[in-house]
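Construct the entire structure; sequences and hints are all you get.
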Amino acid sequence: MKVKDVMSKNVVFVNPDDPVSAAFTKINKNNVNQLPVMDGKTYLGMITLKDVAVKDINPSEAKCGHFVAKTPSIRSNDDVEGAISLLLTSGFRAIPVIDDFLVGIISETDVLKIISKNYGNIQLSKIATECEYVSKSDVIGKVKRIMIDKNVSRVPVLDKNNVIGIVGLADMTRLLEGKGPMPVRGRGKEPGTKEKLNLNDSEVGNFMHKPFISKGDVLLKNVIDSLAKNGEVILIENGVSIVTPKDVLELA
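Quick note on numbering: our numbering labels position 249 of the sequence shown as 249, and the sequence is numbered without any gaps.
Possibly wrong hints are sitting among the right ones.
[Claimed, not checked] Straight-line C-alpha distance at most 27 Å; calculated BS3-like pairs for lysine-lysine: (1) Lys113 - Lys246; (2) Lys126 - Lys29; (3) Lys150 - Lys215; (4) Lys9 - Lys221; (5) Lys117 - Lys9; (6) Lys113 - Lys210; (7) Lys150 - Lys210; (8) Lys246 - Lys215; (9) Lys26 - Lys4; (10) Lys29 - Lys9; (11) Lys113 - Lys9; (12) Lys55 - Lys26; (13) Lys63 - Lys9; (14) Lys221 - Lys117; (15) Lys4 - Lys117; (16) Lys136 - Lys150; (17) Lys221 - Lys136; (18) Lys126 - Lys221; (19) Lys246 - Lys55; (20) Lys63 - Lys4; (21) Lys117 - Lys136; (22) Lys229 - Lys210; (23) Lys229 - Lys150.
[As the list claims (entries may be wrong)] Estimated spans, in silico, between C-beta atoms of each pair: (24) Glu130 - Lys41: 43 to 51 Å; (25) Ile122 - Asp201: 37 to 45 Å; (26) Val12 - Asn151: 21 to 29 Å; (27) Asp5 - Asp225: 15 to 23 Å; (28) Asp159 - Lys126: 25 to 33 Å; (29) Lys246 - Ser137: 26 to 34 Å; (30) His209 - Asn151: 14 to 22 Å; (31) Asp56 - Val12: 23 to 31 Å.
Keep in mind that the hints were calculated from the coordinates and are not lab data.
If you're wondering where the values come from, they're calculated on a predicted model, not measured in any experiment.
C-beta: ideal position from N, C-alpha, C; glycine also.
Next comes the structure, spelled out in structure tokens:
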């Protein structure tokens, strides 16, 4: 199968002078994790949530061009196996398809169902990996440290050994844009006022989203649609573990 058979052809992109907030809007609207940065018809690289969501920036002022990451590319007539290899080795969740100019994007999600046709009967527990987690009373600063130190994009949230949520990079964008509830403490400098906490001191419970949880003996083919939609499946047997698209790609 060729890359052109599975790639996304309607490419959403940003310009280098666009504010990062514009990238956040397009990323969240299209349920992706990165966008091409284009200077006219010239592909400059990708802006990824991974590179900006954990930074203390003002997304309305910071420009996309300051966060361009160079990526490998592939051609539309190349085999899908080559794209899978690039997705695994590059660290990116999507790769540009360039035939003299940008003609598409091929992502982890684009190839998931292809792989599941051959490995759909494998149990989730066979490909899951243990993961770091936090409690609902922990703060975003701890989540950021885990994401940076462990090079991960999502962190489950536990309450009394039950997974009640997950904080991903898209959730972090809401924090940067001030769209979640901001915590306060004590009195501020003026009588009758309270002081806003640093963004990193926000409790994770304010920004987590509902996780997709499964049992370990469930077959991959039965959750492949949910994995593509949510970006992960959480297992809670014998500790907390996770299945991501990368775990599926490694089967190929």
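Verification of the supplied hints:
| no. | hint | verdict |
| --- | --- | --- |
| 1 | Lys113 - Lys246 | holds, 13 Å |
| 2 | Lys126 - Lys29 | violated, 33 Å |
| 3 | Lys150 - Lys215 | holds, 25 Å |
| 4 | Lys9 - Lys221 | holds, 26 Å |
| 5 | Lys117 - Lys9 | holds, 23 Å |
| 6 | Lys113 - Lys210 | holds, 23 Å |
| 7 | Lys150 - Lys210 | holds, 22 Å |
| 8 | Lys246 - Lys215 | holds, 19 Å |
| 9 | Lys26 - Lys4 | holds, 23 Å |
| 10 | Lys29 - Lys9 | holds, 17 Å |
| 11 | Lys113 - Lys9 | holds, 18 Å |
| 12 | Lys55 - Lys26 | holds, 19 Å |
| 13 | Lys63 - Lys9 | holds, 25 Å |
| 14 | Lys221 - Lys117 | holds, 8 Å |
| 15 | Lys4 - Lys117 | holds, 19 Å |
| 16 | Lys136 - Lys150 | holds, 20 Å |
| 17 | Lys221 - Lys136 | violated, 31 Å |
| 18 | Lys126 - Lys221 | holds, 13 Å |
| 19 | Lys246 - Lys55 | holds, 24 Å |
| 20 | Lys63 - Lys4 | violated, 31 Å |
| 21 | Lys117 - Lys136 | violated, 37 Å |
| 22 | Lys229 - Lys210 | holds, 13 Å |
| 23 | Lys229 - Lys150 | holds, 23 Å |
| 24 | Glu130 - Lys41: 43 to 51 Å | holds, 44 Å |
| 25 | Ile122 - Asp201: 37 to 45 Å | holds, 42 Å |
| 26 | Val12 - Asn151: 21 to 29 Å | holds, 26 Å |
| 27 | Asp5 - Asp225: 15 to 23 Å | holds, 20 Å |
| 28 | Asp159 - Lys126: 25 to 33 Å | holds, 28 Å |
| 29 | Lys246 - Ser137: 26 to 34 Å | holds, 30 Å |
| 30 | His209 - Asn151: 14 to 22 Å | holds, 21 Å |
| 31 | Asp56 - Val12: 23 to 31 Å | holds, 26 Å |
Hint check: violations occur at hints 2, 17, 20, 21; the rest are consistent with the structure.
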